[in-house]
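Colleague: As a plain string of letters, each chain reads:
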Amino acid sequence: MKILPTTCPACSEQLKVKSLICENCSTEIQGSYDLPPLGQLSIDDQLFLLDFIKVSGSLKDMAGLLKLSYPTIRNRLDEIIERIKITESSRQNKREKNK
Amino acid sequence: MSEIALNSTTTFQNRLTQWLFNPFMFVAGLPALSAGFAIILISGFFCWLGSTHFDGVLDCHIGLAAQWWIFPAEGLIDWILLAIPLFFFGLIISKSSFRFIDVFGTQALARWPYLITAVVMLPIANQKVSSYMIARLNQVQPVAAVNFTDIFIFALAMFVIILMIGWMVVLMYRAYSVSCNVKGPKAIVTFIIALIGAEIVSKFAVVWLLSNMR
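Protein sequence lines, in the order shown, are assigned to chains E and B.
According to the numbering used here, the stretch in the first sequence is residues 82 to 180, in order.
According to the numbering used here, the stretch in the second sequence is residues -3 to 210, in order.
Since the hints were made in silico from the structure, they are not lab data.
Here a beta-carbon is modelled for each residue, glycine too, at the ideal position from N, C-alpha and C.
It is possible that part of the hints are untrue.
Stated by the list, open to error - On the chain E side, residues computed to face chain B include the following (Cβ under 8 Å):
1) K83
2) P86
3) T87
4) L149
5) Y151
6) T153
7) R155
8) T168
9) E169
Unchecked claim - Using C-beta positions, here's what the derived DEER-type ranges look like:
10) E:L140 to B:A31: 19 to 27 Å
11) B:I184 to E:P117: 19 to 27 Å
12) E:L128 to B:L12: 35 to 43 Å
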């Protein structure tokens, strides 16, 4: 499976979606779209969140699944939350600048 | 060595390092509290056998024989007096919510190098050299003479104790960092303040325990 890159390999800046294509009728849409907030996270963070949802958001079950301690899981989740907040606030700032 | 074999060796080394210097990545909460509590009690038993007193959060001295329960009580005092200020510092500087049991459990488990210290202090040579040195300092006639083997065992024990103290401080900091989710200068400064404060208070608490309950 190909992994969707989220940051530029040259300058580490956040990548944008330039084109979307329908595999059925080959309709192609071009533009400049932001990746959704969760899509902007690293693959590791996305996989962590996927597992977290699968265990119904239980930190205790997640700790058991990954064989890590409860505070380690909670700290990791807090880090991801912090990254999402930063992404959202930078997006907000860009919107305000464009106005 | 093939790449896969090299990777698995690296992974094993990483995991071993994590278990040695940050076991709280894998163990916290009630399991850490149970293991730490048991370690403090077992260390107390060995301390009783060797008349070794943990008379302060980081202290280890060969002292007078006392009732058996004094020794685990010293370990429990040292543990609680450090865990309490770290818990409150965590409440002040941490942006995360954290559990009381993680702070107290990981701090109890962080004391496990002192189990090794208690065992290392068991040989009678340590007590002989210690009482010889005290007699020399007080300028009185030593009760027993010491030989080269006694001094060698004593020196080796001191070396191991210094290593164990260093290791324990690293574990205590890691326990604080993981359980309260704190990092950086704020975490280091608050840890040092808590450690120094706990060391001073625990000294008084152990002296009070020994003077009132022997």
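Colleague: Next step is simple, just say for each hint if it's right about the structure.
Modeller: Here is what the structure says about each hint:
Hint status for K83 (chain E) relative to chain B: violated, with the closest Cβ pair at about 23 Å, above 8 Å. Against a cut-off of 8 Å between C-beta atoms, the interface hint on P86 (chain E) is violated, since the closest Cβ of chain B lies about 24 Å away. Taking 8 Å as the C-beta contact cut-off toward chain B, the hint placing T87 (chain E) at the interface is violated, the least distance being around 25 Å. Against a cut-off of 8 Å between C-beta atoms, the interface hint on L149 (chain E) holds, since the closest Cβ of chain B lies about 6 Å away.
Contact between Y151 (chain E) and chain B, as hinted, is supported at the beta carbon level, the nearest pair being about 5 Å apart and thus within 8 Å. A cut of 8 Å between beta carbons decides the hint on T153 (chain E): the least distance to chain B is about 5 Å, and the hint holds. A distance limit of 8 Å between C-beta atoms decides the matter here; for R155 (chain E) the minimum to chain B is near 7 Å, and the interface restraint holds. Evaluation of the T168 (chain E) hint against chain B yields a violated restraint, the C-beta minimum of about 17 Å exceeding 8 Å.
A least Cβ separation of about 17 Å between E169 (chain E) and chain B goes past the 8 Å threshold, and the interface hint is therefore violated. Taken as a hint, the range 19 to 27 Å holds for the pair L140 (chain E) and A31 (chain B), whose Cβ atoms sit roughly 21 Å apart. Taken as a hint, the range 19 to 27 Å is violated for the pair I184 (chain B) and P117 (chain E), whose Cβ atoms sit roughly 38 Å apart. As the Cβ distance of L128 (chain E) to L12 (chain B) is approximately 25 Å, the hint placing it in 35 to 43 Å is violated.
When each numbered hint is compared with the structure, violations occur for hints 1, 2, 3, 8, 9, 11, 12.
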